[in-house]
Amino acid sequence: EDKVVQSPLSLVVHEGDTVTLNCSYEVTNFRSLLWYKQEKKAPTFLFMLTSSGIEKKSGRLSSILDKKELFSILNITATQTGDSAVYLCAVTPLRGETSGSRLTFGEGTQLTVNP
Amino acid sequence: NAGVTQTPKFRILKIGQSMTLQCTQDMNHNYMYWYRQDPGMGLKLIYYSVGAGITDKGEVPNGYNVSRSTTEDFPLRLELAAPSQTSVYFCASSYSLGTSVREQYFGPGTRLTVT
Chain A
1 EDKVVQSPLS LVVHEGDTVT LNCSYEVTNF RSLLWYKQEK KAPTFLFMLT
51 SSGIEKKSGR LSSILDKKEL FSILNITATQ TGDSAVYLCA VTPLRGETSG
101 SRLTFGEGTQ LTVNP
Chain B
1 NAGVTQTPKF RILKIGQSMT LQCTQDMNHN YMYWYRQDPG MGLKLIYYSV
51 GAGITDKGEV PNGYNVSRST TEDFPLRLEL AAPSQTSVYF CASSYSLGTS
101 VREQYFGPGT RLTVT
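For the record, the sequence lines run as chains A and B.
For what it's worth, the working numbering labels the leading residue of the first sequence as 1, then goes sequentially.
For what it's worth, the working numbering labels the leading residue of the second sequence as 1, then goes sequentially.
FYI, nobody ran anything at the bench for these hints, they're computed from the structure.
Please note that the accuracy of each hint is not assured.
To be verified - Listed below are the simulated EDC-like cross-link pairs for lysine to aspartate or glutamate, each with C-alpha atoms no more than 20 Å apart in a straight line: (1) B:Lys57 - A:Glu15; (2) B:Lys44 - A:Glu39; (3) B:Lys44 - A:Glu26; (4) A:Lys37 - A:Glu15; (5) A:Lys3 - B:Asp38; (6) A:Lys37 - B:Glu72; (7) A:Lys41 - B:Glu79.
Computed from a prediction, not measured in an experiment: that's the story for all the values here.
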C-alpha cells in the first residue's frame, strides 16, 4: 500500500521567516510527487516532480525531490500571511495506464504565518 | 471555463437517506475522481474514472457508487447515509494520455453532515 508521511503536521512562524516542509513516501514504482496548497477550500496545484535533484521554483516557493531517499521538501522563503494554508503532498504510482494518475495524499502540514 | 463545479455546497442528511453529489467539468478531461477529506486529514480516493463508461474503486469505496455516462459528468451516489460519511467531498479531473501524468484540478467541495 502506498504511503505518504508529512512533517511537521503544523507549523507557526512569523512573516519573513523561511520554512521547510517535508514529505516522505513509500510507493511501488514511483511516477511523480505533487504538492498542493489548500486554503479552506479546494487544493490548488503547486508543483509536480518526477526527476531527482531538479528543483522546481515559483516565486518564493521551491521544491526538490530525492528519489534515492524517498522524500521531497517544499521551501517557502520570506513567508507572508497569505502563505497560511495546509500544504498537501501526494504521490502517483506507475502501475499501468489506467491507474497511473491516482494520487495518495499525506495528512498535510498546517502552516500559519503570523504578522 | 468554469473548471470543475460541484453541487450542492452543503448538505445535511439523516441516517439512512440517499443523495447524489454532482460534479461537472468543462475542460474535456478524460480522468475524473472523487475524494473525501475528513477533518485534519489528507484526501482519500473513493472512486475514479478514466473515461465515459469506465469507473474503478479507490481506497475507500464502501457506501458509495458512481457512474460516468458522459465525459463532463461524474456523480457520486450515497445510498444509505451513515455518520461515518460526514466529510468534505472533492471532485477532481485531469487529462492523461498513455502514461503521461498531468495535475488534477479540484472542485470547490461539498460539505456533508450525516446525523
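Proposed proximity, B:Asp38 with A:Lys3 (alpha carbon, max 20 Å): Distance of about 17 Å is within 20 Å: holds.
Quickly compare the C-alpha distance for B:Lys44 and A:Glu26 to 20 Å and report which way the hint goes. With Cα atoms ~16 Å apart, B:Lys44 and A:Glu26 stay inside 20 Å; holds.
Distance restraint between B:Lys44 and A:Glu39, which requires alpha-carbon spacing of 20 Å or less: At roughly 18 Å apart (the allowed maximum being 20 Å), A:Glu39 and B:Lys44 satisfy the hint.
Is A:Lys37 close enough to A:Glu15, meaning Cα to Cα at most 20 Å? Status holds; Cα separation ~18 Å.
Given the hinted pair A:Lys37 and B:Glu72, is their Cα-Cα distance within 20 Å? violated, 25 Å
Could you grab the alpha-carbon distance between B:Lys57 and A:Glu15 and see if it respects the 20 Å cut-off? Violated, at about 43 Å.
Are A:Lys41 and B:Glu79 close enough, with their CA atoms no more than 20 Å apart? Violated, at roughly 26 Å.
Checked against the numbered hints listed earlier, the structure breaks hints 1, 6 and 7; every other hint is satisfied.
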